[in-house]
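Participant: As a plain string of letters, each chain reads:
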Amino acid sequence: MDKDQLNKLLNSIFTTDSYSMDEALLYVYSMDASTHEYSPTAVVMPETKDQIIRLVKLAYELEIPLIPRGAGTGASGGVIAVHGGIIVDMTKMNRILKLDLENIQIIIEPGVIHADLNKYLEPFGFFFPVVPGSSDMCTIGGMVGNSASGLGAVKYGTIKDYVLDLEVILPEGEIAHLGSKVQKTASGYDLLRLFVGSEGTLGIFTEITLKILPIPESRGLVTAFFKEVGQTGNTMVNIFKAKIIPAAIELLDKSAIIAVNSYKPEMNLPEADAMLLVELDGVKEEVAVLTKKIYQILKDNGAFQISTTMDDEERVKLWNARKLVGAAAQRVYDKYARVYAGEDITVPLSEITKTLLKLRALSQEFDLPIVVFGHIGDGNLHPAILIQKDNPAHWTKLEQLTDAIHEWAIQVGGTVTGEHGIGLARAKYLQKERPQVLKLMRKIKKAIDPKNLMNPGKMDLDRGYTI
Amino acid sequence: MNDAIINDMLKCARCGKCRSICPSFKENKWETTSARGRILLSLGLAKNQIKPTNQLISDIFSCFFCKNCSEQCPSGVNVSSIIEATRATLFNQGLLPPPIQVLLNNLDSSHNIFNLDQDDRLLWAMNVEELLEDRIQKKAEIGFFIGCLESFKGSLSGIPESLILIMDKLKIDFTVLGEEEWCCGNPYYIAGDSREITKKFAMHNIDQMKKVGVKTVITTCPGCYRVWSSMYPQIYGPLPFKVQHSSQFLAELINQKKLTIKKGLTQNIAFQDPCELGRHCGEYTAPRVVLQAIPGLQLIELANTKETSECCGGGGLVKALHPKLASTQGKNKLDQYDAKKIDLLITACPSCLDNYLNSLETCQSSIKIKDIHELVAEHLE
Chain W
132 MDKDQLNKLL NSIFTTDSYS MDEALLYVYS MDASTHEYSP TAVVMPETKD QIIRLVKLAY
192 ELEIPLIPRG AGTGASGGVI AVHGGIIVDM TKMNRILKLD LENIQIIIEP GVIHADLNKY
252 LEPFGFFFPV VPGSSDMCTI GGMVGNSASG LGAVKYGTIK DYVLDLEVIL PEGEIAHLGS
312 KVQKTASGYD LLRLFVGSEG TLGIFTEITL KILPIPESRG LVTAFFKEVG QTGNTMVNIF
372 KAKIIPAAIE LLDKSAIIAV NSYKPEMNLP EADAMLLVEL DGVKEEVAVL TKKIYQILKD
432 NGAFQISTTM DDEERVKLWN ARKLVGAAAQ RVYDKYARVY AGEDITVPLS EITKTLLKLR
492 ALSQEFDLPI VVFGHIGDGN LHPAILIQKD NPAHWTKLEQ LTDAIHEWAI QVGGTVTGEH
552 GIGLARAKYL QKERPQVLKL MRKIKKAIDP KNLMNPGKMD LDRGYTI
Chain D
3 MNDAIINDML KCARCGKCRS ICPSFKENKW ETTSARGRIL LSLGLAKNQI KPTNQLISDI
63 FSCFFCKNCS EQCPSGVNVS SIIEATRATL FNQGLLPPPI QVLLNNLDSS HNIFNLDQDD
123 RLLWAMNVEE LLEDRIQKKA EIGFFIGCLE SFKGSLSGIP ESLILIMDKL KIDFTVLGEE
183 EWCCGNPYYI AGDSREITKK FAMHNIDQMK KVGVKTVITT CPGCYRVWSS MYPQIYGPLP
243 FKVQHSSQFL AELINQKKLT IKKGLTQNIA FQDPCELGRH CGEYTAPRVV LQAIPGLQLI
303 ELANTKETSE CCGGGGLVKA LHPKLASTQG KNKLDQYDAK KIDLLITACP SCLDNYLNSL
363 ETCQSSIKIK DIHELVAEHL E
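As they're listed, the protein sequences go chains W and D.
Under the working numbering, think of the first position of the first sequence as 132, with each following residue one higher.
Under the working numbering, think of the first position of the second sequence as 3, with each following residue one higher.
This is chain W alone, in the form it adopts within the complex (with noise of 0.2 Å):
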């Protein structure tokens, strides 16, 4: 089809300040966070569900690839256009529709913000608990495309275990609900669970139902810091082995505290090889007791300068010093740029204290700066590689760091995405990691998406259509 017939065609559906086929609009378009760029045919930005199914009616029609993006801060390629096609931005699918205090759940559009979703339950003494470290950034609608979770983890699960509802256009242009307004049910295929974490590949999701919980009463925050990052391993199993969950254990390694500092140069953190961030939550009473003994373990544990903080305005700086020092990470390595890329591998609990140490060992092998932080509560490490961009022997050495991790993960019984999804960026690992759910999911991709026109090119599942 060539572009002014496209060009018509979308006009019948967008207006024009709704839709574009701008080379240079669509070379941004053409990256997200990855290391990965591939060129739209165009981009639309609809505001209606109805623009929505008319697209798709379209498509299918067409046999156009449709790529649904959110905020483009994913790390996996997932919303790359690998084979042209039309890039759907959410961002204008941004409202709130509906919040249900009663039954304890909110209905809004896929393009609202994480950040901006709390903000707004905040006043009814609600929050939405899964927290990643993108929520200023990130939509809620890939949030659920790629199963995400992030800083509550540990205690409050990750995003599958909120989405009560989807209202979601397939392919062929049919709106399905897949979920209700139940908090459980055990009726047919959990479809739910499906399409969480399908990553844009088996429809366009144009409403998402989510459970909210109630905030709670109060919250401690105890910060701590290591001589040795081998003990935060131990530290964490025998906070679980002392019968507390907290609401968050998150680690930084040495250079992700010289990251923070580099940063947020009034956090002054001390000198350490490692930072244990453990929050509390609940009663006042309970988080005042559990805090005393998180205190204990950690002194007992090694730790050194520890503080504790029930003071709001202290602990949500600490967690936004936190939360953005992936970005942070090259403010440690002069002339260095930071790549995702085997940046989300998620290991048994078991096994963390040696990943700690061979990410370590990786990161001499191959002469790359790793920056490791993560949500070590859960065993999902985040090691942020440097490189240097201009320099084509880091790209190479690059790519067989990143298999180094990934392979490491899977040796340990592990996974090569915690939260981020597979995208492109993973493509690869998941035959060696799951091999029998990779021939399902290519089985069931192709009675959903029988032309293969959601998001193609993902999750190694366009081989389906080949075998």
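There's no promise every hint is true.
[Said to hold, decoys possible] What the simulated footprint calls covered on chain W by chain D, stretch by stretch (three residues with Cβ under 8 Å from a Cβ of chain D suffice, anywhere in the stretch; the number is not a length):
id: 1; stretch: 158 to 168
id: 2; stretch: 218 to 226
id: 3; stretch: 269 to 276
id: 4; stretch: 332 to 342
id: 5; stretch: 444 to 451
To be clear, the hints were calculated from the coordinates, so they are not data collected in a lab.
All C-beta atoms, glycine included, are put in the ideal place defined by N, C-alpha and C.
Guided by the hints, dock chain D onto chain W, whose structure is given.
Facilitator: Below, chain D without anything else, positioned relative to chain W:
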């Protein structure tokens, strides 16, 4: 484009933090109208991977130049400098949007952005004519540089008028340049124009101030202040006088107990940090010292204030090309102040005041807006 700028573009981790705080993106929603998008446009242009389409040019010039992106970038990318460099690239290729080109043409021919007669440069001073009688181009301690907006826009004449009243009351020895005051040249720099003529403007203004032997140049306009304090030394070398924004000058007088404000104020007051005074020049304290010298004044800060303050919508020459965007941003800010039940919004920048006054026409807000100098002058006794 130089290597340092390109390296900065490559440093971008594309985390989207800048996109989440970019005022033009908040309104437009297209990725290319966000700070992150503009970095990518700049990268594509620098690597010759894209041509400068009309979309690209429009989006590069939809940046308010507020520098919030640079301030908050976790990776330490100086986003503003990248956009500045890209504007310079577009300028050098003769690709400025026509309304911006008109502004520069005005400067070239008339030495002011309005293409008005320089002889009318003191029209603002009608109410304080007597106080200026012997103070035009006369030797003095303080040289007051007014700037084009306040000189020619009647709605803003209260700003320089108020400062004149304050200085007269305090018996400060000051002078103004009158028709010999040329535009500071800020529009040139923001548009990416680095022709020799920009240096001519700098040298003229510096020479005029030297002629009158001032020890300090003060200005009520943060844009002029930024140019005088950052750009002029790059052209001339160290300047033979101090340069201050008038809020710094007043704050000094307050700290030296030479300025005491007796008349109090009991309204809910908020202050709009001018981007070019705050993030560009690092000054957040001086205006607050001045405000807090007014007895009883309760300053209410928004959640985003000082380093994270949001732009009023008046910067970056956006008004020239995207007037609706500028007005909408102003309205969005006014809505925020209304939500905090602010009675009186104080500005310390003619662009801020101008844009807010325009935006008031399009919204329901009953907020009063006043410049800091007007407030101080009203409360002197």
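Participant: If a hint holds in the structure, say so; if it doesn't, say that too.
Facilitator: Here is what the structure says about each hint:
1. As drawn, the stretch 158 to 168 of chain W meets chain D at 6 residues by the rule of a beta-carbon pair under 8 Å; at three or more, the given contact holds.
2. Given a C-beta distance limit of less than 8 Å, the hint that chain D covers the stretch 218 to 226 of chain W holds, as 3 residues qualify and 3 suffice.
3. Counting residues of the stretch 269 to 276 of chain W whose C-beta sits closer than 8 Å to any C-beta of chain D gives 1, which falls short of three, so the coverage hint is violated.
4. With 0 residues bearing a CB less than 8 Å from a CB of chain D, the stretch 332 to 342 of chain W misses the requirement of three and the coverage assertion fails.
5. Look at the stretch 444 to 451 of chain W against chain D: 0 of its residues bring a Cβ nearer than 8 Å to a Cβ of that chain, fewer than three, so the hint is violated.
Hint check: violations occur at hints 3, 4 and 5; the rest are consistent with the structure.
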